[in-house]
Amino acid sequence: MNEVKLVEAPEGIQGAGFFATALDKVVGLARSHSLWPLPFATSCCGIEFMATMGAHYDFSRFGSERPSFSPRQADLLMVMGTIAKKMGPVLRQVYIQMAEPRWVIAVGACASSGGIFDTYSVMQGIDEVIPVDVYVPGCPPRPEAIIDGFNRIQDLVKSESLRRRDSQEYKDLLARYGIQ
Amino acid sequence: MEEAMIEKIKSTFSTAIKNISDPHELITLEVDSNKIIEILQFLKQDPEMGFNYLTDICGIHYPENKGSELGVIYHLHNLVKNIRIRLKTFISSDQPHISTATKVYPGANWMERETYDFYGIIFDGHPDLRRILNVDDMVAFPLRKEFPLEDPNRKDKKDEFFGR
Amino acid sequence: MAHIQLKDELEKETITLNLGPTHPATHGVFQNVLEIDGERIVSGVSTIGYIHRAFEKIAEHRPFYQITPLTDRLNYCSSPINNFGWHMTVEKLLKVQTPKRVDYLRVIIMELARISDHLICNGILGVDTGAFTGFLWLMEEREHIYEIYEEVCGARLTTNFGRVGGFERDFNEIAFAKIKKFIKEFPPVLKEFEKLFNRNRIFIDRCVGVGAMSAEKALEYSWSGPILRSAGVDYDVRAMNPYSSYEDFDFEVPVGTNGDVYDRFMVRNEEMWQSLRLIEQAMDKIAKEPKGVFHADVPEFYLPPKEEVYHHMEALIYHFKIVMGEIPNPATEVYHSVEGGNGELGFYLVTDGGRSPYRLHFRRPSFINYQVFAEMSKGALLSDAIINMSSLNIIAGELDA
Numbered sequence: 001m002n003e004v005k006l007v008e009a010p011e012g013i014q015g016a017g018f019f020a021t022a023l024d025k026v027v028g029l030a031r032s033h034s035l036w037p038l039p040f041a042t043s044c045c046g047i048e049f050m051a052t053m054g055a056h057y058d059f060s061r062f063g064s065e066r067p068s069f070s071p072r073q074a075d076l077l078m079v080m081g082t083i084a085k086k087m088g089p090v091l092r093q094v095y096i097q098m099a100e101p102r103w104v105i106a107v108g109a110c111a112s113s114g115g116i117f118d119t120y121s122v123m124q125g126i127d128e129v130i131p132v133d134v135y136v137p138g139c140p141p142r143p144e145a146i147i148d149g150f151n152r153i154q155d156l157v158k159s160e161s162l163r164r165r166d167s168q169e170y171k172d173l174l175a176r177y178g179i180q
Numbered sequence: 001m002e003e004a005m006i007e008k009i010k011s012t013f014s015t016a017i018k019n020i021s022d023p024h025e026l027i028t029l030e031v032d033s034n035k036i037i038e039i040l041q042f043l044k045q046d047p048e049m050g051f052n053y054l055t056d057i058c059g060i061h062y063p064e065n066k067g068s069e070l071g072v073i074y075h076l077h078n079l080v081k082n083i084r085i086r087l088k089t090f091i092s093s094d095q096p097h098i099s100t101a102t103k104v105y106p107g108a109n110w111m112e113r114e115t116y117d118f119y120g121i122i123f124d125g126h127p128d129l130r131r132i133l134n135v136d137d138m139v140a141f142p143l144r145k146e147f148p149l150e151d152p153n154r155k156d157k158k159d160e161f162f163g164r
Numbered sequence: 001m002a003h004i005q006l007k008d009e010l011e012k013e014t015i016t017l018n019l020g021p022t023h024p025a026t027h028g029v030f031q032n033v034l035e036i037d038g039e040r041i042v043s044g045v046s047t048i049g050y051i052h053r054a055f056e057k058i059a060e061h062r063p064f065y066q067i068t069p070l071t072d073r074l075n076y077c078s079s080p081i082n083n084f085g086w087h088m089t090v091e092k093l094l095k096v097q098t099p100k101r102v103d104y105l106r107v108i109i110m111e112l113a114r115i116s117d118h119l120i121c122n123g124i125l126g127v128d129t130g131a132f133t134g135f136l137w138l139m140e141e142r143e144h145i146y147e148i149y150e151e152v153c154g155a156r157l158t159t160n161f162g163r164v165g166g167f168e169r170d171f172n173e174i175a176f177a178k179i180k181k182f183i184k185e186f187p188p189v190l191k192e193f194e195k196l197f198n199r200n201r202i203f204i205d206r207c208v209g210v211g212a213m214s215a216e217k218a219l220e221y222s223w224s225g226p227i228l229r230s231a232g233v234d235y236d237v238r239a240m241n242p243y244s245s246y247e248d249f250d251f252e253v254p255v256g257t258n259g260d261v262y263d264r265f266m267v268r269n270e271e272m273w274q275s276l277r278l279i280e281q282a283m284d285k286i287a288k289e290p291k292g293v294f295h296a297d298v299p300e301f302y303l304p305p306k307e308e309v310y311h312h313m314e315a316l317i318y319h320f321k322i323v324m325g326e327i328p329n330p331a332t333e334v335y336h337s338v339e340g341g342n343g344e345l346g347f348y349l350v351t352d353g354g355r356s357p358y359r360l361h362f363r364r365p366s367f368i369n370y371q372v373f374a375e376m377s378k379g380a381l382l383s384d385a386i387i388n389m390s391s392l393n394i395i396a397g398e399l400d401a
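One line per chain: the protein sequences are A, B and C, in this order.
For the first sequence, position 37 matches number 37 in this note's numbering, and the numbering has no gaps at all.
For the second sequence, position 91 matches number 91 in this note's numbering, and the numbering has no gaps at all.
For the third sequence, position 337 matches number 337 in this note's numbering, and the numbering has no gaps at all.
It is worth saying that the hints were derived from the structure and are not from the lab.
Worth double-checking, as some hints may not be accurate.
[Stated by the list, open to error] Chain A stretches covered by chain C per the calculated footprint, using a threshold of three residues with CB under 8 Å from any CB of chain C: (1) 53-59; (2) 113-122; (3) 129-143.
Note that the structure is a prediction, hence the values are computed from the model and not measured.
C-beta: ideal position from N, C-alpha, C; glycine also.
This is chain A alone, in the form it adopts within the complex (with noise of 0.2 Å):
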């Protein structure tokens, strides 16, 4: 047989043409492969993300063939490089359109925390302004490191829950950042 290597299925109750199993499964399944990035790429950690996305790296074996940059077209919100506080405005707009479910990734030191730049025009981490749910650190992270952030978010995609975007705690997450 051929050597590539298949998804596992879910658990669940198999029989003579049926498989039965939670639907969250499923979903989280073929939704954490084939999330659609947003390359929010603004300085050097953006060319270590074009070497990711280059042949020798190949992030598009991973489910991410089509980068949009069409906020509205996009699952993960990909943020790499230095965001000074001019820019934080339109980071805000950027996550606002995008539609739900939506993840992000701070990709490098700087979106994470600020990074070497301890001034006065650039602020300190994208959670600032926006919720995230992966760090990867570096400066600039190498491609590898950038695939395992990747990875990172596609566990929680395949073990979020269908109704956590409309519960509570994803409600008061939003509005402290607020963002209705």
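Mind docking chains B and C on chain A? Use the hints.
Same frame as chain A, but now just chains B and C:
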């Protein structure tokens, strides 16, 4: 070659030149801020000078020199004879006005905007003098020595751990 | 059906289009607010500063050896050039003379950085005109250049290469083997890329005549680098004010005729060939130099090896003095420029004798080259303005600093 040029500049603008020095073999003239545009025009258009390339304009702040705290520094380059020259001029921070160099060198446009953004030096006659790199509603001029580097309102880093 | 009532007078006839800070076609975060009439741009206003990280302010608070990581992040596609430009500025200040072998090693790394910068620019120009394939072929070559950097300094992109006075470690056999392999394997890839684009009917139709700039206007606007050379002015800092022993090398400066996008593309391609020539010559010259020399003999400014610091008093004292900034520097001003990937990258350093600079100003070529873009795109079609911007090679880190 260079001696003759310096002599010609000195003889044409004798009153405006306050100091001539040569740090690391780059001729540096400290000139009067009222005459700077005339000098730039002379350096560009006089056939013996020929400084047709404006390399850079930047600002500097010396808070101890009362009356001439803010400085504007021009670097010019004669591409044919390969000679560089630096012009420095100082103005007071109460009245930080100086004429724009955009009529002589159109490339001075953004360089002067950046100097205004960082130091608050107002270039009279500039077509579009507004902030370029910092946020538009900032009031202070960040590269002056009294402005702090870090944002004092950030909550996640405690200054006592960083020795501040 | 109600008929739509138009006002008798339209408020304005153009559409305001925000070619915003986040846009797939802009390579970095800068904004152009355009007024367009159909497909034609009537006027535009450029806004930058969306990644202003205040390098010049930070530099006033850091010692010289801590400013090198800052310079990395200026033009991050070719960071070794920025690093070495900064080190050469400090060496000029301190009147340190580097040995020839260090100069030749620096030339190799700087030319590799120039190749990697031009690979991105030309590859992305291909993508903007609709041809993705060439970009993917060239990105693979960039991985090989990254491997060479990693072998010498440990990092791929933001390299923090070298020290004041030379390098932190010598190039080992693996690094030289990788450089030799690159010299052999890169030319066929570049030839294939050129075969794909240089005489491609569609590419020529898209690029010829777009964004043409005369030499006089380019000089007025202080352009430098490949775009100035494509307009016909052969100003290259490596030829005019040679640094790091470039005067010992034999290379040509390619020059275009009318400064349009096609000429800029061809100038960058030709510069990559010249960079390969320089790397080959440097490898030959290094073979003739005494082995093992990788830094200048300046114990006051070059950190001693750690083994000596643990065992010898003198090394310990020097280490302490260098790190704590007890060694006095001359209080003067110096301007040094190198030929970056985009043009003349200058460092204006004013010192007051202390550990950190009093003022450090970066003369950034992308910032100065970009001024004239809004004026250049008046009357141009939108897609032409996009490839014009792409061929100016604006790197956002260098634009905003």
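How the hints compare with the structure:
no.	hint	in the structure
1	53-59	holds (count 3)
2	113-122	holds (count 6)
3	129-143	holds (count 3)
Consistency with the previously given hints is maintained throughout, with no hint failing.
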